[in-house]
Amino acid sequence: MTQKIDKIPELPKGSFERITLDAHQAERITKPSVSFWQDAWYRIRKNKGALFSIVLFGLIVIMAFLGPVISPYAPNAQTITHANLPPKIPVIEKLGILDGVGTLGGKEVDLYEMKNVEVNYWFGTDGLGRDMFSRVWKGTQVSLFIAFVAAAIDMLIGVIYGGISGYFGGRVDDFMQRVVEILTGIPNLVVVILFILIMDPGILAIIIALTITGWTGMSRVVRGQVLKYKSQEFVLAARTLGASDTRIIWKHLMPNVLGVIIINTMFTIPSAIFFEAFLSFIGLGLQAPDASLGTLINDGYALIQFAPHILAFPAILLSLIMIAFNLIGDGLRDALDPKMKD
Amino acid sequence: MGKYIGKRLIYMVITLALIATFTFFLMNVLPGSPIASADKLTPDQRAVVEARYGLDKPLPVQYFDYMFGLVQGDLGISINQFKGADVTDVILSRMGPSAQIGFQGMLIGTVLGILLGMVAALRQNTWMDYTSTFIAIVGISIPSFVFASLLQYWFGLKWELFPVALWKDGFMSSVLPSIALAMFPLATAARFIRTEMIEVLGSDYITLAKAKGASGSEIAFKHAFRNALIPLITVLGPMAVSILTGSLVVEQIFAIPGIGEQFVKSIMVSDFSIIMGTTIFFSVFLIVIILLVDILYGVIDPRIRLSGGKS
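Residue numbers (the working numbering), protein chains in the order written: chain W, 3 to 344; chain A, 50 to 360.
Honestly, the hints are just simulated from the structure, not real lab data. Some hints here could point you the wrong way.
Here are the computed lysine to any residue pairs in the SDA-like style, where the Cα-Cα straight-line distance is at most 25 Å [claimed, not checked]: (1) A/K314 to A/K52; (2) W/K48 to A/T182; (3) A/K52 to W/K232; (4) W/K232 to W/I214; (5) A/K52 to W/V181; (6) A/K52 to A/S266; (7) A/K314 to W/I205.
Not everything, but these chain W residues come out facing chain A in the computed CB check (under 8 Å) [said to hold, decoys possible]: (8) L199; (9) P203; (10) G204; (11) I205; (12) L206.
These numbers come from a predicted model, not from an experiment. We treat Cβ as the ideally placed atom computed from N, Cα and C, and that holds for glycine.
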């Protein structure tokens, strides 16, 4: 093993060249510096699923507002003679789908011709002859509104509660955490149903029921983050320089905690949409003529046997919104906080 | 460990007492009388009926009666839905079907989910991975009642493979509801196992196993899979919650005579004692499951020190 090297082989001249080190060049930043948000945006952009979901969700939101407007029929306008018509869309009907053909007495017939209907209903009509197109988009509007308001309230209470608990620590924290521990022990489902029961059914009741214990998750996350950051040097430095508590919280802690707050909110929204639809489906949701995606699905389910389109459109839309939100949430989580995974 | 369990048990009792108290008073501010057609009764008749259910006593007395009964497992008597039957008996008699579809759903979901997650992790960034990730996202996103009605429409109504909605054919009747309930556990397990497996596959002891010449399947099953499986226990809690939430609608859709279906009905007819009893039953069920999961996790994985402070 001990092979002796007698002589180092001569290197051919000219194959290497000495370069001079420039101290200034070594420290040069070759790429433009990116802020946290630019970096996050860059990562989101590379995530195809999330990007697609953002676009899809944007379209759904636009349609939720535009849909009831561009449809010639009001969401609650009833035309009894036009009841239970299957969907018919002018150009696509030539492909053999969405052409207004439905089954009547076991036979496939164009129900529009049968009933002498001159106009087209893009998503068909429901049992009372109401235009499903405007109803579905109106319902989407209501569902999204409930979800966003509920998520915003959850966020507000959760951030304040968790922030105070984490920042002040000690006995305050102990007490506040005991309260949260007991609240999280109560199953969400039970709380939501009980609260819906005592309030008049409606949008407000659903929002209150969803937020009454919904904020605990957010408060825990925020508390954990605040605890982590408040003992770090930059906070100590700020305090030494005489910054007030308010300033430390808003200027130094908040920007750091913002990432997890956004991620958490993105996961609260789909769960709020789900719960709203769930409550409506078991009959505890909005009351007619108000409609959300959940109540539309509930109505459609009753007619699933002979008019499946009434169920199909709201169900598809609800599923698309949920999928989009979960993908956006996943993407944001990877982009804002790569360390935080399932 | 003992201290930790003790502390958790105390919390459990406090939480349950709070839920019971809360439910009790909530039920008493509810609009609507629990006595069917109460308006048609003469005051005398009404007094007799109220005395029968203890509704004539002052509220605090009713409350303490209820709490004492609760400790002994007595949830009161049904007022109008099951006409005087013991709530405890009603719930127990309805447990069978719910437990069956819940258990089957959980089993199907976790087994398939683990398989999907493993395939995805072992064949990372291939079409298999993308397919399983897609299934997982869809499973988490689509609400169980949408999925259940789809299953009912296609498998029950169109293709007539399974009964549409009758709890008569034993196992066959339970297939579709179980699948509907299985979607969430399936998706959760698949996502979880994938993440865990990928992390484990990158760890040093897997490299060592490879260096020592272990075969691919040996590494996958003996080393990676086992270690990825442990943290799955932590999501059993959310899975149980989803099964229970789902059972309310799925039982409704498939007309299964279970607890969920009866709970929704009791809400519709405002049978207070059944609502209260079921609420407390659900709470006990979920709280006990979550406690068991936490304890189990500490026992199985010695790296987790439960008594240690939380971050």
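Consistency of the hints with the structure:
1. A/K314 to A/K52: The hint is violated at about 42 Å.
2. W/K48 to A/T182: Given that 25 Å is the threshold and the Cα spacing comes to 17 Å, the pair holds.
3. A/K52 to W/K232: Violated: A/K52 and W/K232 sit about 30 Å apart, past 25 Å.
4. W/K232 to W/I214: With a Cα-Cα distance of about 28 Å, the restraint between W/K232 and W/I214 is violated, given a limit of 25 Å.
5. A/K52 to W/V181: Given pair A/K52, W/V181 holds - Cα atoms ~20 Å apart, limit 25 Å.
6. A/K52 to A/S266: violated (42 Å)
7. A/K314 to W/I205: holds (22 Å)
8. L199: Nearest chain A Cβ about 6 Å off; hint holds.
9. P203: Violated. Min distance 11 Å.
10. G204: Violated: closest Cβ of chain A sits about 14 Å from W/G204, beyond 8 Å.
11. I205: Result: violated, 19 Å to nearest chain A Cβ.
12. L206: Violated. Min distance 16 Å.
In this structure, the earlier hints numbered 1, 3, 4, 6, 9, 10, 11, 12 are contradicted, and the remaining ones agree with it.
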